[in-house]
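Peer 1: Note that the protein sequences, when read in sequence, are chains A, B and C. Per the numbering used here, the first sequence runs over residues 1 to 347. Per the numbering used here, the second sequence runs over residues 1 to 347. Per the numbering used here, the third sequence runs over residues 1 to 347.
One should not assume that every hint holds.
[To be verified] Estimated spans, in silico, between C-beta atoms of each pair: (1) A/N92 to B/R287: 53 to 59 Å; (2) A/G115 to B/N92: 27 to 33 Å; (3) C/G224 to A/G115: 34 to 40 Å; (4) A/K301 to B/R287: 49 to 55 Å; (5) B/G321 to C/D284: 54 to 60 Å; (6) B/L88 to C/P191: 56 to 62 Å; (7) A/G115 to B/L88: 30 to 36 Å; (8) A/P42 to C/A128: 41 to 47 Å; (9) C/G101 to A/L190: 24 to 30 Å; (10) A/D192 to B/V63: 41 to 47 Å; (11) C/K27 to B/N302: 57 to 63 Å; (12) A/L190 to B/P99: 55 to 61 Å.
[Said to hold, decoys possible] Okay, the calculated bits of chain A under chain C, using three or more residues with CB under 8 Å as the criterion: (13) 143-157; (14) 211-218.
Everything labelled a hint here was simulated from the structure, so no lab data went into it. Here the structure is a predicted model, which means the values were calculated and not measured. Beta carbons: idealized from backbone N, C-alpha and C, even for Gly.
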Amino acid sequence: MTLRDIARLLHAEVVGDDGLEIRRVAKIEEAGEGDITFVANPKYARFLASTRASAVIVGKGLVAPADAATVPALVRVADPYASFLFVLQAFNPPQPPLPPGIHPTAVIDPSAQLGRDVRVGAHVVMGARCKVGDGSMIAHNVVLGSDVEIGAGSLLYPSVAVREGCRIGARVIIQPGAIIGSDGFGFAPLPDGSYNKIPQLGIVVIEDDVEIGANCTIDRATMGETRIGKGTKLDNLIQVAHNVVIGEHTVIAAQTGISGSTKIGSHCMVGGQVGFTGHIEIADGTRIGAQSGVHRSVTEKNTTIFGYPAIPQRQALRMMGTLPQLPDLLASVRELKGEIEQLKKES
Amino acid sequence: MTLRDIARLLHAEVVGDDGLEIRRVAKIEEAGEGDITFVANPKYARFLASTRASAVIVGKGLVAPADAATVPALVRVADPYASFLFVLQAFNPPQPPLPPGIHPTAVIDPSAQLGRDVRVGAHVVMGARCKVGDGSMIAHNVVLGSDVEIGAGSLLYPSVAVREGCRIGARVIIQPGAIIGSDGFGFAPLPDGSYNKIPQLGIVVIEDDVEIGANCTIDRATMGETRIGKGTKLDNLIQVAHNVVIGEHTVIAAQTGISGSTKIGSHCMVGGQVGFTGHIEIADGTRIGAQSGVHRSVTEKNTTIFGYPAIPQRQALRMMGTLPQLPDLLASVRELKGEIEQLKKES
Amino acid sequence: MTLRDIARLLHAEVVGDDGLEIRRVAKIEEAGEGDITFVANPKYARFLASTRASAVIVGKGLVAPADAATVPALVRVADPYASFLFVLQAFNPPQPPLPPGIHPTAVIDPSAQLGRDVRVGAHVVMGARCKVGDGSMIAHNVVLGSDVEIGAGSLLYPSVAVREGCRIGARVIIQPGAIIGSDGFGFAPLPDGSYNKIPQLGIVVIEDDVEIGANCTIDRATMGETRIGKGTKLDNLIQVAHNVVIGEHTVIAAQTGISGSTKIGSHCMVGGQVGFTGHIEIADGTRIGAQSGVHRSVTEKNTTIFGYPAIPQRQALRMMGTLPQLPDLLASVRELKGEIEQLKKES
């Protein structure tokens, strides 16, 4: 691999000879000729003067030391650590989680259609009329209900269950134990105080390039679709209720819960353990702090909110900063009352 | 199906000819003779004048337009949208999630007793002395430990695990990935700071008509029973600790956690992400707002509480309403102090 | 079993004849000669005078009634109820969750190494080069990726998934549905607003004597290890992100979430639904109240914190105690303002 290949992989620019042949990835103190390494922390910039690496991945602002005899070629990127991991992975491609082929213990309905190079693990169950796109991998003990569609190049890890009729795009990754298409939570009260289960007739649609974390639960719509937009990433143990719509390239941290029919925009960032009430809309680009309770729609784009209930960040920070002063404030007011009584007597 | 049949299904009254034959369910703008449709939003009442549907499901308060040439038969219900879904389901009965019979890959202990018309999916494991009632369905990759009992007409979705000795009633629905009967969380501290696992010898009892959401965890009792009462509905990812008792027809939203030995009454409604401390009792009919922290027993029936810690709703709303004013309040008090100092000097 | 055997089991002292033969465990009102029972609540101490049990497990401070004709032998312990359960279990050893041997439906890679007396359930999948120590039990439908190592005497309940390369110690218990080694949640933003998945190349290490609750998710490290220290106990539905390190003998209640690279000390106690931000360190012996949001490192050992954000307990209690007074405080300040205006006019 030449430095040019690496630069292309990282969408990066090279300072130095980009025709250099790179043969290995190494720690900066162990690197030698033909090796690439990285400096993520500017305070280690001095290593650039002493390393014998042929190339170093560095941050955009990093300044090479002036006294360096020979400076290695530099690959300038936004995030040197992540970039290093991409290069490390390129040199050591991960073993696919499944061997080629269909495991003989898999139970696949004869009407299911599998693309080229689909891998299916042991004890998989695939229902009637399922379609799985080229190169997708369905790991051990996964269950697909009838009429499930999965695009090309997707990967479902062990023990995932996808219920009937749900549609999953291309290059989607679903971590182990996630449940797609469980019934939405809807019950009509009867006069005697018991409940009648409201039919949940819709499906879940997961668009291309989405990642769903371990043990997440994504409920099917009452009618129509629960939808997760292209490129959106969900961490573990997230609850997505019926008829929720999440936009594109939104990132949501673990254990967040989204109530029914709420719409979350594109390019949002949501912290962990956040709760969304139902039937609200969150504008594109909203950022929400961890453990917030979002009770109202956010109409303005690109704002940051947090708290319980969630309010604009600046306001929330001011408010939370004053909370610990509350006991002293109470004492102050009590004192002021006394002083005013005194003044009133005197006047 | 006649309109009379539909009225019976919906516990509803008909305004018009209830002998009408209904052949199809359709959208209001597409409906014709023999079709039934619905109006959920009163502002669409004007469609009643123009629709060619034979019958319309409407809310109890909806007034038909005075200028309508021919008004269709009306089916008056509390919740037109849910009712429409019930009728839609009656016309299009869902495909059962499993075909009839026992899949040959299921591993069923010879001592297990299966009722009539039990369906068992692929790769199911059923331990010694299990009993499954008539017409129940045990979907793919479900594991039942020994001595598990399941009543008639229940449905366990894929990848559910029920550990040894737990008892599940009739017409219970368990969504995929839920775990019933995992060990309660109890450890006795030893002098060296390590812990000794306290035996968890009890079971879980799930009464008739309960629904358990995807990836819920219901722990077995230390001794005796963890119990979920008849008709109670749990959303996804809910944690129910050892020896918890939940009453009848209580509804609990996703990601709520209930600590050990707490008793929740009947006909309660609990929001999402609520936390209950252990060993408290919640009266029948209590309503609890999302993300609340319930630290004390609720002894009065039919109250509404929320907040962290949860307090009566009116008090909580007043309190939370004042929070954003806190920074201004601090400034005011500071100012008042100054003015009093001034007054004291002057007096 | 003699009373001496029982005392040894409970790390307890006996008051009376420790050579007594104990044959049965019984309730205090039903116990007779040869039986052992317990009194957990001091107000039932009077039963000591009337019981016909040969021995009673009692708390350290319990005083036997002075008027008792014959007092049974006493076994003094810190926690009589838990101790009673240990004795009950000793008399009724639990049935192992699996029969001896390897179930014929298990799919075990030929390169896997199983120790003596390993039990493997139905539909288990075990990848290449897995190692399972003597006496461990791998229950039905568990999936182990390649290169997973499990020590001796561990127990993985049904539907657990352990991804490639993770290492689990001896005497570890993993409740059903837990996921070990799912990908950490890391994405590098691209200029077009989409994300590039950062390789997650590390593993999870679970040390000896750990217990992991049902449906927990423990992510693998980006590089290196996510580590759960010896003897630590996790309740259900807990999220442990990549590169988290938890010390030894720490106890964490259900639904808590720990963000990436956070380090939690040894001998900590963490309540349910707590959230930890990433990259912080929590000192040994810290206690954290349920539903807290921990945003900063805790450097002093053995403190108690809670709240959102979590602050020292005493401060948090004072602050939360004043919150309900906030509306009255606002009214007071408004009143004071008026009075000062009045005084200013008068002066």
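Peer 1: With reference to the structure, classify each hint as holding or not holding.
Peer 2: Hint check:
1. A/N92 to B/R287: 53 to 59 Å: 55 Å, holds
2. A/G115 to B/N92: 27 to 33 Å: 30 Å, holds
3. C/G224 to A/G115: 34 to 40 Å: This hint holds: roughly 37 Å between Cβ atoms.
4. A/K301 to B/R287: 49 to 55 Å: 35 Å, violated
5. B/G321 to C/D284: 54 to 60 Å: 41 Å, violated
6. B/L88 to C/P191: 56 to 62 Å: 46 Å, violated
7. A/G115 to B/L88: 30 to 36 Å: This hint holds: roughly 34 Å between Cβ atoms.
8. A/P42 to C/A128: 41 to 47 Å: 42 Å, holds
9. C/G101 to A/L190: 24 to 30 Å: 51 Å, violated
10. A/D192 to B/V63: 41 to 47 Å: 29 Å, violated
11. C/K27 to B/N302: 57 to 63 Å: 37 Å, violated
12. A/L190 to B/P99: 55 to 61 Å: 32 Å, violated
13. 143-157: violated (count 1)
14. 211-218: holds (count 4)
Hints 4, 5, 6, 9, 10, 11, 12 and 13 from the earlier list are contradicted by this structure; the remaining hints agree with it.
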